[in-house]
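Peer 1: Given next are the chains, with one letter for each unit.
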Amino acid sequence: MPAEAAASCSGLVKIYWTATGEVHALKGVDVVFPAAAVSAVVGPSGSGKSSLLRILAALDRPTAGQVQIGGVQLSGLSVTRLRRVRRRLLGYVFQRPADNLIPYLTVAEHLRLAARLRGGRAAAGGDGGELLELLGLADRRHHRPRELSGGEQQRLAFARAVVGDPPLVVADEPTAELDRAAGAALLAAVGALAARGTALVLATHDPAVVALSERTLYLRHGAMEAEATRQEALSVIDEAGRVQLPPEALGLFPDRRARIGVEEGRVWIGPP
Amino acid sequence: MSAEGFGEPQGGAPIGQVVVEAAGLRKSYRRGPEEVLALRQADLTLRAGELVALVGPSGSGKTTLLNLLCGWERPDGGRLTGPAAPDGGAPPWGKVAVVPQDLGLVDELSVAENVQLPLWLAGRLEGGRAEAAALLERLVLARHGDRLPAEVSLGERQRVALARAMVVGPRLLLADEPTGHQDADWATAVFDAMAALAAEGSCCLVATHSDELLAKVDRVLTIGDGRLPADAGGGSSGGG
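So the protein lines, in turn, are chains G and C.
Under the numbering used here, the first residue of the first sequence is numbered 432, with each subsequent residue one higher.
Under the numbering used here, the first residue of the second sequence is numbered 298, with each subsequent residue one higher.
Some clues are possibly wrong.
Listed next, with one range per pair, are the computed distances between beta-carbon atoms [stated by the list, open to error]: (1) C:E509 x G:Q497: 35 to 43 Å; (2) G:E645 x C:A447: 49 to 57 Å; (3) G:G477 x C:G356: 50 to 58 Å; (4) G:S476 x C:A447: 51 to 59 Å; (5) C:G356 x G:H636: 33 to 41 Å; (6) C:G521 x G:G567: 41 to 49 Å.
Here are some chain G residues the structure puts well away from chain C; computed CB gaps all over 12 Å [stated by the list, open to error]: (7) G496; (8) T511; (9) R577; (10) A607; (11) A615; (12) A619; (13) G622; (14) A642; (15) Q662; (16) P685; (17) I700.
Facing chain C, from chain G, some residues (calculated, C-beta under 10 Å) [what the hints assert, rightly or not]: (18) R512; (19) R514; (20) R547; (21) L548; (22) R552; (23) D686; (24) R687.
To be clear, the hints were calculated from the coordinates, so they are not data collected in a lab.
We put the CB at the ideal spot given by N, CA and C, even for glycine.
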């Protein structure tokens, strides 16, 4: 894992057993999340987004493969140690603003509690005033969640998640329940939070989130199809040498068989 | 330590002192195009040292009244004086502690830590540990202290929420159906615990459906169709 990586996954496989058989939600995903960057994870429903997110957030374990967060290898950890990793190294933001907050705590109390849970230096830290300033919540310190708008609630959820500067914060469609203006305000805040050093990974359908992200990861059928930066989009070749063809190219191969050739540093692929 | 949120524990007031006085409280909500009058007219007086039951059918306005009394919502009309008088801002937990129907426990904190949370936020954890431990013993089964809320039963979670509300010795405790998930023995224990808190000078108002527990309370307030009959306060206005 490169020194600057906040988190990395290799060979992630997730299989669910249901009444109708096995569901292979992740089929060998390799990905590295650099520190201090916003990454978007996109893909149609059923692509494995949620499975990847839950595993990254240590809320679920992979069937096979490895996950490292902030240099800590998660596989083999006991339930208690995994809980400690979640407290110290991870933040998680749910889609529904209310699910992230505690109704009877004020904004300032949410941050004090988060700092306490984080432990270490964070527990002895200040009152989160700087963070509230950054997120435009400074004049809401003494309010409780029901006195906040949905957008303010979700900004508070992010504030809570980044208290103590954990290496990784994972958010599941954080703008899905916000109107456009509130979503834009949240995204501006998310960018500012990443600049403090935390890697933010956002599962999303929202083009505004993709536009904000330094990197976008495209998942399809449980595999990483492509990885795009603001400059270019690249297909992903996994450890077994597999590449996913875009759906429009798949039409050329009704029998799912192809000829592949290598010429002058290029690979070509055509129907037989 | 701070005047916000949980704030300083207040403890009970001298027995008999008026804690809440409300007259003509009104509250309506918008539900789509229509306006729903959840509370038409509520008059009540609550005093320190009382354990009072609030009974009435579903939709009669019980939860709305509790939300007004704890300062989570503001009345549209009427007069309300008490620890959560509508002067802006939520009252500190030491003044008004609640056991909401949805409990509101912190998932990431253990059972024991949830109970200690109000003490910690009030900067009083060291002095209050023994009290928190005694409440755990009494209500929650101390052996579950290290578990997460998700790892204990719903009934146990409900008792955790009650212990969390009681631990600061609030001036006013508001509990919304706190025995909804308790078997008969535990329901009795829950009411006994609230009676003991009232004996120390707190005022406890409990919304309940449980008729057999009404014998345990000092007074019963009956709410129906958004109306709570005027109550002289102090005297008996019903009974088990």
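Peer 1: With reference to the structure, classify each hint as holding or not holding.
Peer 2: Now the hints, each set against the structure:
A hinted range of 35 to 43 Å is violated for the C-beta pair E509 of chain C and Q497 of chain G, which are about 57 Å apart. Distance hint check for E645 of chain G and A447 of chain C: the Cβ-Cβ separation is about 35 Å, which falls outside the suggested range of 49 to 57 Å. The beta-carbon spacing between G477 of chain G and G356 of chain C, approximately 40 Å, falls outside the hinted interval of 50 to 58 Å. Between S476 of chain G and A447 of chain C the beta carbon distance is about 26 Å. The supplied range of 51 to 59 Å is therefore violated.
In this structure, G356 of chain C and H636 of chain G meet the distance hint of 33 to 41 Å, their C-beta atoms being roughly 38 Å apart. In this structure the hint that G521 of chain C and G567 of chain G lie 41 to 49 Å apart at CB holds, the actual value being about 45 Å. Its beta-carbon lying about 26 Å from the closest one in chain C, G496 of chain G satisfies the requirement of being farther than 12 Å from that chain. The beta carbon of T511 of chain G is not kept farther than 12 Å from every beta carbon of chain C, the shortest such distance being approximately 9 Å.
The beta carbon of R577 of chain G sits about 6 Å from the closest Cβ of chain C, which is not more than 12 Å, so the claim that it is off the interface is violated. With a minimum CB-CB distance of about 21 Å to chain C, A607 of chain G clears the 12 Å threshold, and the non-interface call stands. A cut-off of 12 Å between C-beta atoms confirms that A615 of chain G is not in contact with chain C; the least separation is 27 Å. Taking the minimum C-beta to C-beta distance to chain C, about 27 Å, the non-interface status of A619 of chain G holds against the 12 Å cut.
Residue-level check passed: G622 of chain G sits 26 Å from the nearest beta carbon of chain C, beyond 12 Å. A cut-off of 12 Å between C-beta atoms confirms that A642 of chain G is not in contact with chain C; the least separation is 32 Å. Q662 of chain G, annotated as away from the interface, keeps every beta carbon of chain C farther than 12 Å; the closest lies near 39 Å. Annotated as non-interface, P685 of chain G keeps its C-beta farther than 12 Å from every C-beta of chain C; the closest such distance is 49 Å.
Separation of I700 of chain G from chain C is adequate, the least Cβ-Cβ distance of about 49 Å exceeding the 12 Å criterion. Against a cut-off of 10 Å between C-beta atoms, the interface hint on R512 of chain G is violated, since the closest Cβ of chain C lies about 14 Å away. This hint holds: R514 of chain G has a C-beta 8 Å from the nearest C-beta of chain C, less than the 10 Å allowed. For R547 of chain G, the suggested interface contact is upheld, since its CB lies about 7 Å from the closest CB of chain C, less than 10 Å.
For L548 of chain G, the interface hint holds, since its Cβ comes within 10 Å of a Cβ in chain C; the closest pair sits about 6 Å apart. With its C-beta approaching chain C no nearer than about 18 Å, R552 of chain G sits outside the 10 Å limit, and its interface hint is violated. With a cut of 10 Å, the hint placing D686 of chain G at the interface with chain C is violated, because the nearest CB-to-CB distance is about 50 Å. Checking R687 of chain G against chain C by beta carbon gives a least distance of about 45 Å; that is not within 10 Å, so the hint is violated.
When held up to the earlier numbered hints, the structure conflicts with 1, 2, 3, 4, 8, 9, 18, 22, 23 and 24 and fits the remainder.
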